[in-house]
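Q: To convert, note that position 73 of the sequence shown is 73 in my numbering; the numbers rise steadily by one, no gaps.
Everything labelled a hint here was simulated from the structure, so no lab data went into it.
Do not take every clue at face value.
[To be verified] The calculated label-pair distances, taken between Cβ atoms and stated as ranges, are:
{"id": "1", "residue 1": "101", "residue 2": "28", "range": "15 to 21 angstroms"}
{"id": "2", "residue 1": "51", "residue 2": "78", "range": "43 to 49 angstroms"}
{"id": "3", "residue 1": "16", "residue 2": "84", "range": "48 to 54 angstroms"}
Every residue gets a Cβ at the ideal spot worked out from N, C-alpha and C, and that includes glycine.
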Amino acid sequence: MFAVIKTGAKQYPVEVGKVLKIEKIDAKEGDKVTFEEVLLFDKGDNKPKVGNPLVKDVKVQAKVLKQGRNDKVLILKHKPKKRYKLKRTHRQPYTQVEILKIG
1 MFAVIKTGAK QYPVEVGKVL KIEKIDAKEG DKVTFEEVLL FDKGDNKPKV
51 GNPLVKDVKV QAKVLKQGRN DKVLILKHKP KKRYKLKRTH RQPYTQVEIL
101 KIG
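Based on the sequences and whatever the hints tell you, model everything.
A: Set out below in structure tokens:
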């Protein structure tokens, strides 16, 4: 089985057993979450269901494995001859989930 889900502002292709990092969601480690925004669903019989915009009656269940933050990203701004320099850093939070069930 294969599906494409939408969470946050991004779309993710998922299969049962797949572990992926998604944008941070409010859930504790070990909790089960349900993604109801399914854009595409395929059982494997070459007849995929494509949503308009969502596929009805299909949900994806997942288990939260970890809440964390990505590596630090360095942001530098510089304007020559103006004595302007700006240095910032950013660490994007994420949630790591494992797909348990599609359907």
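Q: If a hint holds in the structure, say so; if it does not, say that too.
A: So, going through the hints one by one against the coordinates:
For residue 101 and residue 28, the Cβ-Cβ distance of about 20 angstroms falls inside the hinted range of 15 to 21 angstroms, so the restraint holds. At about 45 angstroms, the beta-carbon gap between residue 51 and residue 78 stays in the expected band of 43 to 49 angstroms. For residue 16 and residue 84, the hinted distance range of 48 to 54 angstroms is satisfied, since their beta carbons lie about 52 angstroms from each other.
Checked against the numbered hints given earlier, the structure satisfies every one of them.
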